[in-house]
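**Student:** Protein chains in written order, with my numbering: chain A, 1 to 127; chain B, 1001 to 1106; chain C, 2001 to 2135.
In case anyone wonders, no lab produced these hints; they're calculated from the structure.
Predicted model only: the values in this text are computed from it and were never measured.
Where hints are given, some of them may not hold.
[As the list claims (entries may be wrong)] Have a look at the derived ranges for each label pair, beta carbon to beta carbon: (1) Arg2031/C - Ala1049/B: 30 to 38 Å; (2) Gly1032/B - Pro2/A: 37 to 45 Å; (3) Lys2032/C - Glu1056/B: 30 to 38 Å.
Glycine residues also receive a C-beta, built at the ideal position from the N, C-alpha and C atoms.
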Amino acid sequence: MPKILSIVDTAYRATLEEQDDTALWFTAACKTAGGNLTVLLTGNAVNYAVKYQNPRSLSFGKVEITHPEKPQDGLKRLIDKGVNVFMIRDDLEQRGIHPDSCIPGIENISRSHLSKFVSQYDLIWHW
Amino acid sequence: MSKYLFIESRDPFDTTDTHQAFGLATALSKEGNDVTLYLVQNGVLAARAAANALKEVGPKVSVLADDYSIEERGIEANELAKSVRVSDVDSLVDLLCEKGTKAIWH
Amino acid sequence: MSKTLTMLMMDPPYESSNTITALRIVEAALRKGNHVNVFAYEGAVSLTFKEQKKHANAVKGTTLEEEDHPLPKDLVASLVGLAKENNLRLTWTNCGLCVDERGVGNWIEGASRGSPADFIKAVTESDNALVIATT
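Given these sequences and hints, build the entire structure.
**Tutor:** What follows is the structure, given as structure tokens:
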């Protein structure tokens, strides 16, 4: 089984109507199917680690989006499944996100170490 | 050491991500890996010499530009940066099918 | 010797230049004698929807016939045919849940329903796997 790195780079893309992040969901499904995957959050996707994200339900006339996904829950699900999750520290700092405001279980790496980090994987999928 | 194929589809003037992709490609090449950067779609907007968009791409990175994307955007041969070699989808497939190549679409 | 390439596409029709590039890669891979697995995820499941229709173009003043508007389902069907003619394998798997939520289950011959489990299986049996995510 190849070692796969799923780099999630774009956040909040259709997450309200999908009630999931499609890249994290796919990664979880592949993990359940036996895949050997690691997640790396980069760019604005580092915001997914923030503890207090709270998308409210939305109404469109009589129809509601009732369970928009809290991305931090999607990450927790992955961590609970045994998927290692990392994020780029520089991208957190650039966006003024303090590590204390992030959920536990995600390791920070510096962008300067990214080349060494990716070299451990057989396949690199960029979402 | 490994083979990496970065397929860059985005305009470097539209998004800072592209510069990060270029940076990673360069770092990997400096570490002794065989790295190819294949520009396609709006990624070829980095290919004009006058754009000066490839300065951060290291000299050991092989830079290819998709012929169809180049022609689609009317980029003439004499406009191309010296480091850019025009290529085609057949060559891209050959690169993709090379054993052990780590292909990253951006 | 034939290689096997697995690809994931995500963009819906007519929204991104990724689609045609991906199909160019599939076409070239087949033409060069390789096998291809495509996993259509999210909006890409609409690429094989049978009910796509051509239209005229009033802005350009073209009739239906003159415009000859390309339909992704025809491009995919043609690639399926190309594979068959050359005894090659082109599997086109639409992510089932993505199909359901978009209501595009009426697809052309040559497509099938699947899940990420099919994608991972294809990946392990391929020479390489390329993910073309949406922007």
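**Student:** All hints are to be evaluated individually against the structure, with a verdict given for each.
**Tutor:** Verification of the supplied hints:
A hinted range of 30 to 38 Å for the beta carbons of Arg2031/C and Ala1049/B is consistent with their spacing of about 33 Å. For Gly1032/B and Pro2/A, the Cβ-Cβ distance of about 22 Å falls outside the hinted range of 37 to 45 Å, so the restraint is violated. Look at Lys2032/C against Glu1056/B: about 33 Å separates their beta carbons, and that is inside 30 to 38 Å.
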